[in-house]
Amino acid sequence: MHIDLRTVSIKPLRQTFDHVARRIGEGKAASRYQEGTLDLQATANFHYRPTWDPAHEIFDVSRTALRMADWYAFKDPRQFYYGTYTITRGRQQETAEANFDFVDTRGLADMLEPELRTAATRLLVPLRHVAWGANMNNAAICAYAYGTAITQPCIYHAMDQLGIAQYLTRAGLLLGDLDALDEGRRAWLEDEAWQGLRRYVEDSFVVQDPIELYVAQNVALDGLLYPLVYLTTVDDVFASRGGSAVALLTSFMSEWFQETRKWVDATLKTAAGESADNKALLEHWSTHWRDRAASALRPVARIGLGEAADEMLADALGQFNARLAKAGLTV
Amino acid sequence: MDMHAPKKKLGLKEKYQVMTRGLDWEPSYQKKEDIYPYATYEGIKIHDWDKWEDPFRLTMDAYWKYQAEKERKLYAIIDAYAQSNGHLNVTDARYLNTVKLFLTGVSPLEYMAHRGFAHVGRQFPGAGPRVACLMQSLDEIRHAQTQIHALSNYNKHYNGLHEFRHMHDRVWYLSVPKSFFDDAITAGPFEFMIAIGFSFEYVLTNLLFVPFVSGAAYNGDMGTMTFGFSAQSDEARHMTLGLEVIKFILEQDPDNLPIVQRWIDKWTWRGYRVLTLVAMMMDYMLPKRTMSWKEAWEVYFEENGGALFKDLARYGIKIPKCAETIALEKDHLSHQAWGTFYNYGAAAAFHTWVPEKDEMDWLAAKYPDSFDKYYRPRLEYWREQAAQGKRFYNKTLPMLCQTCQIPMLFTEPGDPTKICYREVDYKGGKYHFCSDHCKEIFEHEPEKYVQSWLPVHQIYQGNCFPEGTDPTAEGFDPLAAVLQYYHLEFGRDNLDFEGSEDQKNFETWRGQATKNV
Ligand SMILES: [Fe+2]
Ligand SMILES: [Fe+2]
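If you're matching them up, the sequences are chains H and C in order. Under the numbering used here, the first residue of the first sequence is numbered 1, with each subsequent residue one higher. Under the numbering used here, the first residue of the second sequence is numbered 332, with each subsequent residue one higher.
If you are wondering where the hints come from, they were derived from the structure by calculation, not from laboratory data. Just so you know, these numbers come straight off a predicted model, no measurement behind them. Don't take every hint at face value.
Stated by the list, open to error - Cross-link-like lysine to aspartate or glutamate pairs, in silico, EDC-like; alpha carbons within 20 Å at most:
hint	chain 1	residue 1	chain 2	residue 2
1	C	Lys340	H	Asp104
2	C	Lys346	H	Glu190
3	C	Lys688	C	Glu364
4	C	Lys697	C	Glu633
5	C	Lys346	H	Asp182
6	C	Lys340	H	Asp177
7	H	Lys326	H	Asp236
8	C	Lys362	H	Asp265
9	H	Lys11	C	Glu832
10	C	Lys346	H	Asp179
11	C	Lys652	C	Glu687
12	C	Lys376	C	Glu582
13	C	Lys340	H	Asp101
14	C	Lys652	C	Glu743
Unchecked claim - Partial list, derived from the structure: chain H residues whose beta carbon lies under 10 Å from chain C:
hint	residue
15	Ala21
16	Gly36
17	Ile58
18	Ala140
19	Arg198
What the hints assert, rightly or not - Cβ-Cβ distance ranges computed for the label pairs, FRET-style:
hint	chain 1	residue 1	chain 2	residue 2	range
20	C	Tyr757	H	Lys262	52 to 58 Å
21	C	Arg823	H	Ala73	51 to 57 Å
22	H	Ala73	C	Tyr397	33 to 39 Å
23	C	Glu805	H	Glu26	29 to 35 Å
24	C	Arg403	H	Asp70	29 to 35 Å
25	C	Glu626	H	Pro12	44 to 50 Å
Built from N, CA and C at the ideal position, the CB exists for glycine as well.
Produce the complete structure using the sequences and hints provided.
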């Protein structure tokens with residue numbers, strides 16, 4: 001049935017759902033981010049305890065040592081809900097696709113200086129395993145942290161990391177071929193240079209506290225790895241040596257890091273601002289994992305940067321500390 | 332330019348493999364059983380995760396691209412529908428109550444599916460199923476949000492939707508879907524996949540989503556229809572995942588068969604009991620009906636499901652034994668459920684009513700063996716009573732089944748005149764059940780089901796009153812206090828459709844929109 005309706009203006013009974021109105025104020029229109037996020041997770045009257053974790057409720061604030069009076073104090077500055085998330089990534093993948101296409105059809109990989117091509121392959125291909133680890137860790141944070149405000153961006157982050165692992169795989173196939181992937185895996189499993197990082201990633205898999213895991217993965221490891229590898233090594237050093245083609249293949253990662261760090265910073269700032277205890281806890285976790293990440297990344301950085309690696313790593317550490325200071329953490 | 336040997340060409344399957352499971356590796360710094368601690372306690376034996384066949388091959392870039400396109404279209408329609416007051420196009424305002432049932436009962440489960448698939452998508456030791464599960468986790472938050480966004484405009488204009496999240500965790504009948512999903516997510520990862528991925532997404536999904544979506548289409552609800560259709564291609568992926576999971580598990584080890592069979596039996600029944608709400612929606616709440624519950628069961632379970640179980644017979648899987656009981660109930664389920672809600676209409680967050688004469692005739696035609704004999708007389712009696720100003724509301728509290736949490740409203744299989752009761756003594760307590768199947772589920776895992784947060788028990792224990800309530804105060808009205816705890820607005824969200832604010836507003840607004848002033 002379809003009736004022709006005249007446009008009439010109807011006074012609505014309410015502007016949004018009551019649980020949203022209680023947070024944003026009565027009579028205010030809510031955004032789609034707010035309606036799709038606020039209080040979406042169940043908090044009460046769980047029927048059974050998980051058979052896989054009987055010490056906790058299905059969703060349980062005590063899985064982490066971080067204490068929040070309100071887990072919806074966290075805000076994603078990007079205001080991502082599924083729709084805006086996929087539309088944003090949909091646009092970025094178009095650019096990435098065009099970049100890969102550009103490098104491929106013009107044979108730009110073959111025009112790279114062989115030494116640079118080898119360095120890029122050796123550096124980037126094993127990182128697909130690191131991104132895969134980040135995918136697993138963010139899935140864990142999404143599953144075991146508390147409240148949609150923080151868990152929602154983690155599923156996006158998890159799938160972003162899978163996408164990054166896949167872009168790195170394609171980059172490997174373009175710079176080399178299937179053998180390059182095998183060689184990258186071998187290096188990841190055996191070469192001394194990668195063992196510190198692999199140990200870091202495997203150790204992160206058994207971290208039980210979801211917020212500590214957040215710090216280990218999203219704050220410390222990615223906070224050093226992305227600036228060092230993508231922003232410094234690829235975008236600056238490789239590009240200045242005629243390797244802009246490589247930068248085209250990783251432009252998604254550079255852009256992604258600049259975007260996602262805003263969310264990570266906002267999360268830290270909110271958590272640290274909550275209490276002195278939280279601040280101390282986050283400082284403890286950040287320092288611990290930062291130091292481990294730095295020493296794990298040192299030999300990896302040398303693959304792309306050679307002797308300059310130490311200096312660049314020191315720079316990255318300085319920037320990392322300054323970034324955390326802005327979020328209210330002294331590390 | 333240096334010449335490279337021609338590159339090895341990768342087939343589609345191989346390419347997808349290097350993009351997914353090729354990313355994984357055998358850990359050596361941590362033990363596998365510490366990284367995947369929940370993989371073995373259910374007794375399922377997996378010898379070779381590499382035998383997993385990817386049910387679909389979608390890399391993230393392609394996923395973003397397709398899904399972004401779908402989201403653009405979907406939100407354009409949702410916006411246009413809201414701007415043009417499309418809600419005034421629904422058949423009549425009674426229809427809105429199906430939307431209320433959906434948002435309060437189903438959408439929160441989509442969210443639970445999102446978290447549940449994130450959990451199992453982290454925990455399976457196989458990389459192939461992990462990727463597929465995580466993609467489903469991402470889809471499920473989409474479903475929760477698109478439903479909320481599409482129904483948001485209804486909430487602005489009608490009652491019963493405003494506290495869907497709060498109500499889902501508290502209201503008596505919503506503990507039926509809630510406990511269903513809590514049960515699945517608290518089970519081990521393999522059982523979760525059989526419960527949700529297979530039994531729910533594959534076997535029963537057509538009985539949940541098709542009735543709502545086609546019901547929406549028949550009743551002029553473009554908003555619901557659009558998100559339903561938009562979710563279809565996601566559902567197709569979820570169904571292939573559910574099927575692959577079960578085949579994979581069964582092919583891995585013969586010892587898995589009895590465990591899987593028990594799960595299929597359990598989850599078909601658990602899911603079916605939740606569908607009680609859908610049955611009554613189809614037969615009583617849609618002003619313009621699509622098909623009867625009985626017909627839907629026959630087409631989607633007996634025919635389609637029958638073919639599926641025939642296909643699974645080569646693994647030794649048998650059709651769940653509860654199918655026989657369900658066949659005996661199909662003439663009665665919706666009528667008994669609606670009768671219960673009509674009775675407890677003061678404590679429900681949607682409106683109830685007695686069907687019109689032509690609607691009763693439709694029911695009689697669809698249910699020739701049961702409607703006129705058992706159900707029409709009492710509906711007509713209720714109508715007469717209401718006409719005399721004596722609309723009946725039951726103020727007592729019903730006894731609930733310990734497993735499915737539905738009030739004891741079902742009759743003995745084969746005898747529609749006698750209520751079915753079963754009970755079990757366990758560790759000094761007495762537990763009540765609606766059926767043999769719910770009883771068996773309890774007996775297999777009593778330590779789990781003694782934990783059930785049964786709304787009626789909780790009310791008796793004083794746990795369902797607003798904070799600071801004094802139940803010993805003079806004139807204390809327990810029902811009013813419970814409704815406050817539910818955030819259910821007396822006189823707006825509940826009671827009969829006749830005389831409701833929804834009815835009046837819809838009439839006024841549609842009048843303004845269709846008549847020249
Ligand atoms: Fe869904
Ligand atoms: Fe039951």
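Going down the list of hints, with the structure as the test:
1. C:Lys340 - H:Asp104: Distance of about 14 Å is within 20 Å: holds.
2. C:Lys346 - H:Glu190: At roughly 24 Å apart (the allowed maximum being 20 Å), glutamate 190 of chain H and lysine 346 of chain C break the hint.
3. C:Lys688 - C:Glu364: 64 Å, violated
4. C:Lys697 - C:Glu633: 17 Å, holds
5. C:Lys346 - H:Asp182: With Cα atoms ~14 Å apart, lysine 346 of chain C and aspartate 182 of chain H stay inside 20 Å; holds.
6. C:Lys340 - H:Asp177: 9 Å, holds
7. H:Lys326 - H:Asp236: Between lysine 326 of chain H and aspartate 236 of chain H the Cα gap is close to 25 Å, so the pair fails against 20 Å, i.e. violated.
8. C:Lys362 - H:Asp265: 33 Å, violated
9. H:Lys11 - C:Glu832: 14 Å, holds
10. C:Lys346 - H:Asp179: Within the cut-off at roughly 13 Å; holds.
11. C:Lys652 - C:Glu687: 37 Å, violated
12. C:Lys376 - C:Glu582: 10 Å, holds
13. C:Lys340 - H:Asp101: It holds: about 17 Å lies between the C-alpha atoms, which stays within 20 Å.
14. C:Lys652 - C:Glu743: 16 Å, holds
15. Ala21: 8 Å, holds
16. Gly36: It holds, given that the least Cβ distance between glycine 36 of chain H and chain C is near 4 Å, below 10 Å.
17. Ile58: 6 Å, holds
18. Ala140: 5 Å, holds
19. Arg198: Check passed: Cβ of arginine 198 of chain H comes within 7 Å of chain C, closer than 10 Å.
20. C:Tyr757 - H:Lys262: 52 to 58 Å: Once the Cβ atoms are compared, 54 Å apart, the range 52 to 58 Å for lysine 262 of chain H and tyrosine 757 of chain C holds.
21. C:Arg823 - H:Ala73: 51 to 57 Å: Given about 32 Å between the Cβ atoms, the range is violated.
22. H:Ala73 - C:Tyr397: 33 to 39 Å: 34 Å, holds
23. C:Glu805 - H:Glu26: 29 to 35 Å: For glutamate 26 of chain H against glutamate 805 of chain C, whose Cβ atoms are near 33 Å apart, the range 29 to 35 Å holds.
24. C:Arg403 - H:Asp70: 29 to 35 Å: 34 Å, holds
25. C:Glu626 - H:Pro12: 44 to 50 Å: 38 Å, violated
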